[in-house]
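With these hints in hand, go ahead and build the complete structure from the sequences.
Taken in sequence, the protein lines are chains F and G. Quick note on numbering: the first sequence equals residues 1 to 810 in the UniProt record's numbering. Quick note on numbering: the second sequence equals residues 1 to 810 in the UniProt record's numbering.
If you're looking for bench data, these hints aren't it; they were derived computationally from the structure. Some clues are possibly wrong.
With a Cα cut of at most 25 Å, we get these calculated DSS-like pairs of lysine-lysine [stated by the list, open to error]:
no., chain 1, residue 1, chain 2, residue 2
1, F, K563, G, K587
2, F, K587, G, K563
3, F, K587, F, K639
4, G, K587, F, K587
5, F, K285, F, K317
6, G, K784, G, K764
7, G, K122, G, K285
8, G, K639, G, K587
9, G, K182, G, K122
2 protein chains.
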Amino acid sequence: MTDTETRTSADENEQTFPDGRIFDIDPWTVTWRGDDLDEMDRTESVFALANGHVGLRGTFEEGEPVVQPGSYLNGFYEEHELPYAEGGYGYPESGQTVVNVTDGKVIRLLVEDEPLDLRYGKVIDHVRTLDLRSGTLRRHVIWVSPTGRAVRITSERFVSFTERSIAAIRYAVEPVDGRNVKVVIQSDLLANEPVAKPEDGDPRRAAALDAPLVADFAAAEGMRAVLVHHTRQSEIRVAVGMDHELVAPHVTDRNGDHDPERCSIEAQDDLARLTISTTIPEGQKLELTKYLGYGWSARRSVPALRAQADAALALAKDTGFDELLASQRHFLDSFWEACDVEITGDAELQQATRFALFQVLQAGARGETRAIPAKGLTGPGYDGHAFWDTESFVLPFLTYNVPLAAEQALRWRHSTLDKARQRAHELGQAGAMFPWRSINGDECSSYWPAGTAAVHIGADIARAVAQYVNATGDDEFEAECGVELLAETARMWAAMGHHDSDGRFRIDGVTGPDEYSAVADNNTFTNLMAQRNLEDAVSSCRRNPEVASALGVSDDELQTWEKCASSMTVPFNEVLQVHEQSEAFTKLAPWNLHGTPAEHYPLLMHYPYYDLYRKQVVKQADLVLALYMRGDAFTADEKKRNLHYYEPLTVRDSSLSACCQGIVAAEVGYMDLAFDYFVETALTDLHDLHRNVSNGLHVAAMAGTWLSCVAGFGGMRDYDGNITFAPRMHPALGTLTFRLTVRGSTIRVSMTEFEATYDLLAGKPIDLAHHGEQFTLDGDTVIKSIPELDPGPAPAQPPHRPPYRRPSPR
Amino acid sequence: MTDTETRTSADENEQTFPDGRIFDIDPWTVTWRGDDLDEMDRTESVFALANGHVGLRGTFEEGEPVVQPGSYLNGFYEEHELPYAEGGYGYPESGQTVVNVTDGKVIRLLVEDEPLDLRYGKVIDHVRTLDLRSGTLRRHVIWVSPTGRAVRITSERFVSFTERSIAAIRYAVEPVDGRNVKVVIQSDLLANEPVAKPEDGDPRRAAALDAPLVADFAAAEGMRAVLVHHTRQSEIRVAVGMDHELVAPHVTDRNGDHDPERCSIEAQDDLARLTISTTIPEGQKLELTKYLGYGWSARRSVPALRAQADAALALAKDTGFDELLASQRHFLDSFWEACDVEITGDAELQQATRFALFQVLQAGARGETRAIPAKGLTGPGYDGHAFWDTESFVLPFLTYNVPLAAEQALRWRHSTLDKARQRAHELGQAGAMFPWRSINGDECSSYWPAGTAAVHIGADIARAVAQYVNATGDDEFEAECGVELLAETARMWAAMGHHDSDGRFRIDGVTGPDEYSAVADNNTFTNLMAQRNLEDAVSSCRRNPEVASALGVSDDELQTWEKCASSMTVPFNEVLQVHEQSEAFTKLAPWNLHGTPAEHYPLLMHYPYYDLYRKQVVKQADLVLALYMRGDAFTADEKKRNLHYYEPLTVRDSSLSACCQGIVAAEVGYMDLAFDYFVETALTDLHDLHRNVSNGLHVAAMAGTWLSCVAGFGGMRDYDGNITFAPRMHPALGTLTFRLTVRGSTIRVSMTEFEATYDLLAGKPIDLAHHGEQFTLDGDTVIKSIPELDPGPAPAQPPHRPPYRRPSPR
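Here it is, written out as structure tokens:
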């Protein structure tokens with residue numbers, strides 16, 4: 001995963017991030033008071049609404065100005081040829097890219113023939129608010145047209161969490177200059193909008209994004225219209241429908257009757273349009289409610305998809321906007337009740353943390369049978385692909401908070417097993433090899449050293465499976481999917497590695513999480529994750545002997561896996577007394593960090609892989625990630641020494657890094673550093689720290705915000721399925737409270753700098769541990785003090801790369 | 001360099017090559033008796049004529065049937081964009097591909113309106129002969145047209161070694177059925193012929209090859225015509241002219257005068273044509289002599305290039321065909337006198353060896369200021385690029401036989417130094433980094449792990465420089481070019497490597513010669529070649545202190561280079577007592593050679609790099625090549641143990657491998673194996689062992705044929721500039737005699753199984769060694785016996801991959 005983030009700085013001792021704060025600080029809302037259209041690209045992503053199934057970017061209703069329009073449907077993509085100047089056996093031939101489907105967000109307004117466009121006329125007031133409790137985006141505009149007419153526009157929209165194929169917008173216009181105003185409203189379904197092209201210059205991908213939809217069908221009647229299209233190469237078909245309710249008491253003819261002439265609808269090819277022409281009397285308002293319904297499939301016919309969109313619209317209209325809104329609120333109330341994280345000491349971090357949880361929910365809530373992309377459904381970044389981000393960052397949150405969503409995400413992986421088996425076969429391996437990046441389960445990574453070679457994704461998936469099964473006790477899932485996922489990945493490891501002459505099990509020529517290294521031997525993270533994968537596969541097969549038998553797993557195979565796991569190579573430098581990121585990593589030349597100017601970050605944009613790979617420079621937590629995810633394989637002293645070794649080499653050119661570094665810093669006891677990394681993680685998107693939020697949100701960093709709280713400050717670990725805590729707080733946070741649900745028991749943990757309070761909110765009593773001390777949490781509140789720890793001075797970061805510090809005042 | 005060779009076999013104990021013998025065996029000619037047009041693709045390359053400047057494939061004069069027409073001018077290429085689905089910093093943006101320029105070979109014949117085409121009518125006789133002493137391609141055809149008319153066509157053509165911009169064809173027709181015959185002859189210059197497209201599917205490169213020439217100018221007068229074109233992207237301009245002499249006594253009008261109506265010429269855009277329409281009386285023949293002249297440049301104008309082609313034609317016509325032919329013969333007589341290799345015991349190997357020497361001469365003789373491509377000027381393979389093949393395989397032959405050509409090739413490299421310095425800068429390195437593949441000096445390799453990372457090319461060039469300077473004593477070249485080439489490559493090594501905590505100098509993350517490994521640490525070949533590079537740079541700078549000073553080389557820098565060289569890491573496995581190809585190579589899993597079916601070779605066409613790189617499988621000699629090129633760094637025991645270790649892992653999927661393996665086999669004493677590899681090397685193209693000779697000859701393998709004789713059986717080494725021999729013969733060769741010239745002294749070495757005879761043919765007495773015994777060779781013949789050696793059983797090759805064995809009878 002190639003993050004193309006840019007940061008600048010002049011002084012290598014100073015922090016290098018921009019002052020990125022543009023939103024009001026509030027515990028439950030994110031508000032932008034928009035007088036600077038240059039910030040619009042950021043708001044389009046931050047204000048995106050999604051439910052994991054359908055996603056709508058936060059563009060203005062009037063369509064323009066716009067940076068990247070975007071209506072995304074999970075699993076809806078176009079294919080394009082992947083070009084290679086020098087090809088190779090096993091290179092993927094076909095790429096996939098998410099496409100902007102028919103846009104139903106558009107409601108244009110003409111005020112006496114002057115189109116509402118904030119670049120013209122005068123904006124008196126413009127406020128947009130994402131409400132994390134109602135799950136809606138509200139807008140309030142007072143605009144004076146170039147001809148001097150003043151109108152107020154208000155809108156509220158949402159993508160329904162409860163009815164996953166439905167979105168709705170309520171849109172109101174009223175004159176505010178004491179006079180009647182003549183308006184025309186055009187509510188559109190618009191296919192093949194121009195989109196901003198990726199800048200990487202691949203003409204095939206650009207071509208796939210250029211007018212990707214071929215018109216199949218268009219119909220309009222009354223206030224309802226539907227357009228059906230399909231993509232050229234992937235041949236996926238989509239139906240998008242709109243229906244409306246109009247409250248405009250004075251849209252009447254001279255006789256006082258409803259005037260059909262002034263409300264018309266039409267549809268053809270790439271455009272369906274409801275046009276309302278009317279005069280709004282002074283003191284009154286026109287209110288248009290627009291419902292959107294979606295249906296898409298690679299198999300279903302035009303009539304079937306049209307029917308699906310129509311049915312969604314019928315359901316929406318029958319339910320009604322207010323009722324849908326109430327359901328949305330109810331859904332979110334339940335979510336916050338079970339999953340909220342409260343921070344008393346820092347209002348901005350409180351807001352950012354809730355924003356993060358909300359965005360992970362938007363990415364994963366209703367992704368049923370489909371992947372959770374790295375950007376969710378908020379932008380076209382990374383082509384809409386899913387990576388290891390899903391299993392390693394997003395699923396831990398979902399597993400402990402929205403387990404049904406976690407299960408569905410893992411069932412999606414399971415549904416791609418045949419492709420993964422085929423890929424393993426194609427690459428001369430055994431078992432299943434999952435794609436590094438994909439929408440439909442086929443590998444789309446065209447640069448194999450940082451794609452196919454990153455085989456750790458198999459173990460990342462296996463860890464998510466084991467974690468989910470442990471946390472939920474979902475035996476049915478385990479029998480139906482879990483055993484097979486664990487066994488097929490275990491088979492991959494057993495076949496991929498080999499025992500050397502000393503009997504140690506080696507896994508050579510692979511790429512770990514750090515993308516400034518590649519194709520190295522015995523990557524510690526990969527080997528330890530593979531070890532756990534093998535062990536978990538053995539356990540799962542032993543728990544499900546019939547399933548294992550049906551998969552052809554014999555006792556001999558289990559013993560093979562056990563032997564591979566028990567003899568796994570974990571490279572260690574005895575002189576330095578640190579673990580090697582990969583074998584011989586510590587013998588490589590250091591990167592000249594002091595000679596690297598601030599404007600040369602991210603390094604991959606300014607230096608060749610050839611040089612990055614052969615030096616000790618780390619893009620993102622790799623060995624340090626192993627210290628967290630396989631912390632049971634390291635002593636406390638080793639963790640501290642390793643962190644001190646790798647922290648000064650880690651440039652954090654990936655948004656996946658800071659939360660991992662912060663979690664380990666908290667465990668070792670460097671609370672200031674942990675706090676700083678938490679700030680950087682939580683504000684990744686709200687402060688646009690990587691200057692690319694317009695491509696979509698960094699969903700893994702949002703999930704990493706939760707991990708920072710729970711695994712970082714809370715010290716929560718679940719090695720072997722036992723839930724343990726080792727809370728360690730930073731005083732600036734005041735009180736930090738989080739909740740999680742384990743096998744039906746909902747726990748609340750509330751921490752200050754000195755003590756942690758454990759409560760069982762629902763479910764059966766549960767065995768926990770606090771700093772190594774076991775206890776059973778039942779109806780009684782348990783309060784434990786936090787032991788003191790003075791680890792000494794924290795390690796330094798590379799020049800120009802200290803953690804983000806917010807502009808003051810907060 | 002990616003060789004896409006294919007071999008098949010059923011039984012892994014049997015040799016897997018086809019019976020590829022299609023040419024008559026003769027010591028000085030290569031003759032094809034062509035009744036099988038399916039063999040035509042092979043003859044087009046084998047019968048290609050070239051002088052290093054201009055190359056013409058061995059197509060039929062009548063133009064069709066044809067597989068790949070081809071007229072190539074050294075350094076004449078078209079550019080095309082290099083596509084990347086995922087780009088990276090420092091990736092080359094532009095590729096280069098050799099293009100087929102205006103074809104002057106074409107002389108069409110219509111026999112009573114029936115075009116001569118061997119696919120129609122009846123071929124009574126068809127003989128084509130490449131004559132290695134006259135340097136011409138002769139043809140004799142008796143053809144009966146579909147309407148029953150029998151004619152004899154003879155032709156002889158050459159590309160002049162002495163006048164490098166000139167080629168000529170003498171073409172004769174006569175009736176052989178006792179009747180007058182009415183004929184039309186069309187002699188063409190034909191631009192933008194259709195060519196066979198590369199099969200790799202890159203549309204950009206295919207587009208660059210499709211009608212690459214844009215017409216600038218056309219003129220025709222008398223029997224002379226010229227066409228001027230340029231390429232679209234690279235904007236290189238070419239003028240091709242033709243002129244003719246006609247001997248056709250009966251092409252007269254009714255009054256007995258020459259009839260201008262029946263001999264006409266025209267020229268426009270992509271075609272110039274001389275048309276002769278006449279009746280040839282029974283018993284007489286028409287003889288047309290066609291001269292071709294070429295001029296090309298990226299800078300010169302249309303009139304200047306036209307003048308250049310016209311001047312070449314004037315020179316050709318003034319000199320005349322017979323005189324040009326005599327000069328050609330004289331040039332080759334001198335060549336054979338100084339460079340011939342004689343083999344008495346095996347007529348086919350005698351022929352193949354002379355063919356090989358001739359082809360290396362054709363590739364390099366007159367390449368002045370331009371590169372020597374891997375395929376010479378015989379075909380479009382590898383896009384016409386030059387690789388390390390030039391310096392490592394071709395230049396040793398040229399250095400000891402045609403030193404002026406070696407000097408010119410190295411001066412070409414020197415002329416690209418600014419580009420190489422720029423490339424080093426771009427990649428964050430120092431000094432100069434030469435391209436892995438190029439026509440004009442810019443890197444064209446789009447897959448960096450097997451391109452840019454193969455940094456050994458710098459040391460390969462440095463070795464060729466030092467070898468040339470040692471062998472010729474050319475101080476002027478050293479001062480003008482040699483010091484700078486050595487110093488800039490030494491700077492690269494000093495900056496690229498680093499000293500580890502034990503003070504050892506490491507070069508990490510590079511690719512050695514074996515392309516089934518990549519981006520590994522401390523490749524032994526690379527490190528030892530870099531060591532010699534650094535040492536040679538120090539010596540050369542000390543010999544040329546003023547030049548060194550002008551290059552900014554200080555004493556400190558020389559000491560740095562010395563320290564890097566003296567502390568160079570050479571990885572060795574103490575348990576196995578063998579050297580590592582690269583660090584930890586021997587710890588990798590073995591490739592399952594016994595499970596690899598014959599039809600899965602070459603492996604790169606059937607297995608991913610991902611799996612090849614992480615296993616112990618060797619495409620081509622790498623550590624074994626180090627045993628030869630840096631044999632001074634190994635003991636005899638080490639050479640033997642290393643050969644035994646690596647030989648069973650080496651699948652020889654590259655045509656560069658067999659000669660290197662054979663040289664080391666001969667040194668260790670495995671003479672049957674050395675003989676077998678010599679056979680395979682020498683017959684690479686004549687027997688089409690890689691089934692791709694139609695793309696062009698394997699010039700490095702041809703040069704490897706000479707290396708097999710001289711460095712293999714002759715045991716010639718030139719470490720540190722001292723010429724030593726350690727002859728060791730295979731009895732099947734009878735007597736093997738070769739010549740070479742060192743600092744003006746031409747030596748002849750003649751060997752039998754039991755003794756070697758040394759003679760000084762010209763020049764001053766010279767110090768030599770025979771199996772470690774020093775002696776001075778002056779006017780007296782020196783005869784030395786060859787010591788016996790019984791090294792025991794030779795190592796085995798991988799299943800399906802024994803050396804080629806010829807079909808019997810020889």
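Now for the hints, and whether the structure bears them out:
no., hint, in the structure
1, K563/F with K587/G, "holds (19 Å)"
2, K587/F with K563/G, "holds (19 Å)"
3, K587/F with K639/F, "holds (20 Å)"
4, K587/G with K587/F, "holds (18 Å)"
5, K285/F with K317/F, "holds (21 Å)"
6, K784/G with K764/G, "holds (21 Å)"
7, K122/G with K285/G, "holds (21 Å)"
8, K639/G with K587/G, "holds (20 Å)"
9, K182/G with K122/G, "holds (18 Å)"
Consistency with the previously given hints is maintained throughout, with no hint failing.
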